[in-house]
Every structure is written in C-alpha cells, then in structure tokens.
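Given the structure of chain A, go ahead and fit chains B and C onto it with the hints provided.
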Amino acid sequence: MSVTDIVFILTAIVTVGSAVVVVVSRSLIYSVFSLLFTFFGVAVLYVFLGADFLAGAQVLIYVGGILVLLLFGVMLTHRLYNLNLTTERFQPIAGTLIAAAVFASISLAAFKTKWKLVGEKELEPTTQQIGEAFLSSYLLPFEIASVLLLVALIGAAMLVRRRTDV
Amino acid sequence: MNLGNLDSLTFFYPELILLGGILLVVISDISLKGLRDRVNPLLTLAALLLALFYTLQTDHGSAMTLFEGMLALDNFALFFKAFMLVAGVLVLLGSLHSEELAAVHQGEFHALLLAVTLGMLLMANSAHLVMLYLSLELVSLTSYIMVGYLRSDRLSNEASMKYILFGAVSTGAMLYGFSLLYGMTGSLDLFAIRDALLAQEVVGFNQVTLMLVVVLTTAGFGFKTAAVPFHFWCPDVYTGAPTPVTAFLSVAPKAAGFAILVRFFLGGLSQPAGEQWGFISGIDWPLVLIVVSVLTMSLGNIAALTQNNLKRMLAYSSIAHAGYILMGAVLLTGTGLKAMLVYLFVYLFMNLGAFFVVTVIFNSEKTFELQDYNGMFRRSPFLAVAMSIFLLSLIGIPPFAGFLGKLYIFGAVIDQGLYWFAVVGALNAAVAAFYYMRIMKHMILENDDRPPTPLQISPLNRALLVLLLVPNILLIVFWSPIDRWTANSITLFGGL
Amino acid sequence: MTLQFANVLVFLGVGALFIFVNLLIASLIRPSKYSEEKLIPYECGENPVGSPWIKFNIRFYVFALIFIIFDVEVAFLLPWAVVFKELGWIAFIEGLIFIAILVVGLAYVWAKGDLQWVRPEERYE
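Residue numbers (my numbering), protein chains in the order written: chain A, 893 to 1058; chain B, 33 to 528; chain C, 724 to 848.
Okay, chain A solo, but in the shape it has when bound (with noise of 0.2 angstroms):
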C-alpha cells in the first residue's frame, strides 16, 4: 500500500464518518462542525481525481462560504440542543429498504458497468483548461451562470427583507 492509498483511505473514513456524523448528531451545531469535514474530505477527493481547480473552488466556496452561512442559519433558530430531528411520519422498515436499494443499485452500476475509459493521463493544472473552455466552446453556460446568480442574489436579499413595499 503506497501513501498514496493510506491518504485516500483516512479522507474516505473522515468524509463519510463526519457525513453520518451531520446525520445522525442531535444538536445543530455539531452537524454543521462536521460537515466541515464532509466539505474538506470532498476537496481531497477532488484532488485524488485530477481536479485541482475545483478542489480549490470546493474550499473556497463550501468551507468559506457555505458552511458560514449554515452556521448562521443555525444561530438563528430558537433550540439548538435534543432535537428530535423525526417528524411524524417516521418509517423507518421502509427507509432502511429504499436506502438499502439504492445504495446496491449505485453501487452495482459503479463496479460492473463498462465505462469508456480514457486511459491512463498525465494529471497537469487544469485552471487554466477550464478558462480556456469558459471562453471558447462554454461560454454560453459561463454568461448564463451570471444570470443565475444575478437571480439568486435578487431573490435571496428579496425573500429576507421585512418590508414588502420597496
């Protein structure tokens, strides 16, 4: 087992570890502390995958951005601790089984479907491959991206804002 191998293995435990952890944990805040490990476990995978830009793009956007405004979020609600996070209708038999399905399936697909592979590849920085891409044969979706969040902002500072008449 190269090092290579042992790093991925720890960021595989400590991403779905901390992920059970976001679920299962019954006060708020120390869901959100351990997505912050979901987010950073995520980054390191995007590394293992080739994807620099976007290891970096997942820090600066998740950690730095996402999960600051979850933890705001959290400080506004009233109760933070024993929650009982189950509403009514909890089934769990049913749950366990539609879980259990999906998980064989995906994971079934991922292990015996033939992919079209590319074969092995010279890993080099993709940022600027991606910029290239953004202003050549994606620029449509990079100029849409702008309006999508021109619409996000708008409706974000709208929905929050008290009064209804400006």
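Keep in mind the hints are simulated off the structure, nothing from the lab.
By construction, the Cβ of each residue, glycine as well, lies at the ideal position given by its N, Cα and C atoms.
Possibly wrong hints are sitting among the right ones.
Some chain B residues near chain C, calculated using beta-carbon distances under 7 angstroms [to be verified]:
| # | residue |
| --- | --- |
| 1 | L56 |
| 2 | I62 |
| 3 | L64 |
Over 10 angstroms on every C-beta distance to chain C, these chain A residues come out as not near it, computed from the model [claimed, not checked]:
| # | residue |
| --- | --- |
| 4 | T907 |
| 5 | V913 |
| 6 | S917 |
| 7 | Y922 |
| 8 | L927 |
| 9 | L1000 |
| 10 | K1006 |
| 11 | T1019 |
| 12 | Q1020 |
| 13 | S1038 |
| 14 | R1053 |
Relative to chain A, chains B and C alone:
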C-alpha cells in the same frame, strides 16, 4: 451547421432581448422612484413581445446548433419558444390587476418573470447536458422565488420551502443520472451521447445502468412536469403561490419540462429513423414513461375529485393533464409528438383561463373555496359562462379547443395500436368531467341566501378574459393552420 | 500534480500537530485543580444567567447570502483571469459582460438598502 459563438448571436435575439429586459427592469426599479410601477410592466411587456416577434421571424433554414453545440435551433425549439413567450405575456397581463400581488412591491416580480422565461427558452433548445442543467436550474430557482413572493404570507413561504426541497432532491437525482451517462459515453453533447451509445451497442450490465439513467433523469423531468411520483410538491405549491404564479407554473415550466424530456429521450437515447424513432436496443424506456403517464393522469384525476379548494383542484387537474401530454411523448412517432404539441397549445389557453377566473374572483371575494362560488352566475353571468367554457374545454367537449387536444392524443395512441392506453385515457377524461362539472354546478345551479351583488371586474381583466376565450372557442374552426404549424414543428435536430 | 498536493498534505498535518501537541503539553504540565467557580463561563465577573445561545441578528444571514453569490462569482472569474490575456480582447469583453450582469445585482442590493447594517427605516421602529 454548427455555429460558433459570434455567428450564433444573429439567432439569439429573443434571449438577448430578455436578458436586456431583466437588467433594464432591475435598473428602473432602483432608479425611477415615482415612475417605476408604471414603467416596469411596460418594459417587461415590450421585452416579451419583441422577443416573440424575433422568435416568429427566425428563419433558420436548416436545423443547426448554436454556441459551439450548446443549443439546437430547430422547429421544435421555435414552437416552444413562441409558446413560452405567449404564456409569459398572458401571465404578465393577468398579474397586473391581481389583489394578491398588489399587496407587495412588484419590481422583482417582473424581473423574475423575464428571467424564468429566458430560462425556459434556453431549456427548449438545449442540446448539451451542461446547458440543459443550467437552464433547468435557472427556471427552478426563479420559480422558487416567485412561489414565495408573498413573504408575509405563511402559506406562500411554506410552498416555496417545499418546492426547494423537492427540487433539490430531484435535480440531484437527475445530475447523478447525467454523470452515469457521461461515464458510459464520455460526452455531454446529446448527439454525441446517442452516437456513442449506438456505436458501443449497449449490452450486459450497461443496459441496467442505462435503465438507471432513464429512471434518475425522469425524476428531474418529472419534477418539472409534475408527473407522478414526482408530483408531491404540486398541490401545496400551487395552493400557496400567488394565483398568477400558479397559473404560470401550471403551464410554462411544465411545457419546458416536456420539451427537454422529448429532446433528451428522442434526441439523446433514440435512433432517428424518419417518422418513427426507435429506442436504443436493450432499454425499454418508453415503458417506464407509459407507466408514469398512466399513474399521473389516474392519480391526478382521482385526487381532484375530493378537493374543495379551487386552486388545489386545478393543481390536481394539471397533474392529470401532464399525464395526457406525456401520452403523446412516449409513442415515439411523429403523430404522437404532434398530438403532444397540439395538446400543449390548447392547454395553454384553457388552463390559464381557468386560473385567471380564479384570480378575478379572489380579487373581490378573497376566497378559493368552492362553497363561496355559489350563485356566481347571478352575480356575474359573464364570469360564470367564461369559466364554464374553460372547464368544458378542459374536459375536452366539442366544440371547444380542448376537444382538439384530446382528439389528436387519443388518435395518435390508437394509431400505434395501444388500445388499452387509449381506454385508460378515456376513462380518466370521464372521471375528470365529474369534478369540472362540479365547479360549474356550484357556479350556476346552487344559490345561497345572500342577495346577488354584481361582481366587479376591472376592464383590463375583462379584456384579458375575452382574449383567453377567443382561442378556446375559435381554435376548432382554425384547426388546419395549427395542424400545419405543429406538423412542421416536430422536426427535431438530429445531430450532424 | 498529486505530488504538489503532498505539500498541502504536509501543511495540514503540521497544522493539526501544532494544535494537538500544544494541547497535550499543556495538559501534561498544568496543575489540575477544579472548583465550581472555574467551570462557570467567564462573563466579566458576573454569574451568567440563562443560555449563552442567543438568536442572531438576521442581517448576518443576509450578508452571508450575498457573500456566497460573489464568492461563486470569484470562483468563475479565476479561470478567466488566468487566460484572458492570451485570448485577446474578445475574451476580455466576455468576462466584462459576466461582471456587468452581477454589478447590476450589486447595485440592486445596495440601492434597496440590504447592505446597511441597520436599515434606515428600521432604526426607529
């Protein structure tokens, strides 16, 4: 023909106009303090009409792709673009004199209406999975905001929240499906995906994976079209949203969902072969969609029977109509596709009309309950007759436009020899007649003890009602131009 | 490239070690005498009353939301900034359009007063 970025701009005027409209409306909203309430609707209307003008003007010669293969410009896309813009104009006019929206400042509403229309235009001609996802997200995000627009109203907030949660899950499932497809074919371009699938002959476990792709992506498209079992958000969202927004959601994003569903399944997962598309060997995705279609119309109609809230009833009715429309899409024939387009076209006028009557009645009565519609005929004969025509059209009774839609759909189904499917559809139409008639019974036959005070309708609303009534009555006379237009609109771009 | 990220890994490791080693040393050498007073949160000498969790001002949330939008914008502009010089004027203008659309959004939140900590009309409520 595959146009580059700069050359594509000549075919991109409608979208550019809408984008300019969004920016202008936002700027006027923050700079023209006194005039903005009058300028914004006019700006929005001008942008929509100008975009419609350029869409109808577009002469693309042969089908082609724009922006390095991101968009496919074909007659099919042009039909939907015109459809979305007409829906946008009608909803804008319907929202002007709505008491629900009058309670809040409407500057953002107009910008959002333009943004959602822009998203739907892009949805109608996406030929690339990135573009498809991005435009779908633009439409979804804008819809969430529009649903929660009455932010002091708890129902509106709850509806928006539910919509976001369901939307996030189903688009997540859809993206997972896309990622599986990308892994199998190594491409995000719909036509390249199809060619790759045809070249490698899907065998072995890949068939199962492709089936998984079909199920997962159906979750995304089913969410947009409110098809069972992805419809759970629909009744609550339609009830909570401001009525003009509900009317819009029940027509335009639904149609956009059908547009990408057809483009994805017929463009990406099928073999083109003239009149009839053949599905790629080994996966029987039409069967999945037939099951979805049967479930959708049956559940929608049965659930609508017991509703007493007009908006909720019309929500279930629009779920049922999604089932009928899907019937046309699953046949894999030109006639089926044409029937779907005809149905969508008449559905636009009859459904918007029914919702618009609900808006008008809410303006003076402040209620959506069926009980309160009693004696409407004595209070405003015009309104009761208009509603009756829209409802009869929704049932599909001749001589109203809805009959044309049902005729084409059932005709196309029988053409393919799927008699049981047509019988299920006909049974559903019979069930649907029951609850539509129930509304009419309350409006016309039942009277309450109150003296029949005349109902006030603003001149603009009256004019718009007439505008919506005309196609419902006259389409049956002018069916041959529609027949030609839709027959012409089924040409799907099939790649180079 | 993976090797370059080994540097990041080493940094992370050293950072984590720095914290835990210091805590470990501190726990080894400090005297441990606990009393009830020491376990009370320190609040300028007063005994704290009630829960330390208070409801945050909603404006924190608004700012975080707006921040994320521009955070994503930066993530989009970074690849553009790397390459626009080589690709010439058109690429530069394409990036400007992207920014211009979002500047309208910034103007919107600014003009509507969403960027003010205390919105003027709320101050005297």
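Hint by hint, here is what the structure shows:
1. The beta carbon of L56/B is not positioned within 7 angstroms of any beta carbon in chain C (closest approach about 9 angstroms), and the interface hint is therefore violated.
2. For I62/B, the interface hint holds, the least distance from its beta-carbon to any beta-carbon of chain C being 4 angstroms, beneath 7 angstroms.
3. Contact between L64/B and chain C, as hinted, is not supported at the beta carbon level, the nearest pair being about 11 angstroms apart and thus beyond 7 angstroms.
4. At roughly 14 angstroms, the least C-beta separation between T907/A and chain C is larger than 10 angstroms, which holds for a residue marked as non-interface.
5. Separation of V913/A from chain C is adequate, the least Cβ-Cβ distance of about 18 angstroms exceeding the 10 angstroms criterion.
6. Distance to chain C confirms S917/A as a non-interface residue, since its nearest Cβ pair spans about 16 angstroms, more than 10 angstroms.
7. For Y922/A, the non-interface assignment is confirmed: its Cβ lies about 14 angstroms from the closest Cβ of chain C, beyond the 10 angstroms cut-off.
8. Non-interface status of L927/A relative to chain C is upheld: no Cβ of that chain comes within 10 angstroms, the nearest being about 15 angstroms off.
9. The non-interface label for L1000/A is consistent with chain C: the shortest C-beta to C-beta separation is roughly 29 angstroms, beyond 10 angstroms.
10. Non-interface status of K1006/A relative to chain C is upheld: no Cβ of that chain comes within 10 angstroms, the nearest being about 27 angstroms off.
11. The non-interface label for T1019/A is inconsistent with chain C: the shortest C-beta to C-beta separation is roughly 5 angstroms, within 10 angstroms.
12. Distance to chain C contradicts Q1020/A as a non-interface residue, since its nearest Cβ pair spans about 5 angstroms, not more than 10 angstroms.
13. Taking the minimum C-beta to C-beta distance to chain C, about 4 angstroms, the non-interface status of S1038/A is violated against the 10 angstroms cut.
14. Not every C-beta of chain C lies more than 10 angstroms from that of R1053/A, the closest at about 7 angstroms, which undercuts listing it as non-interface.
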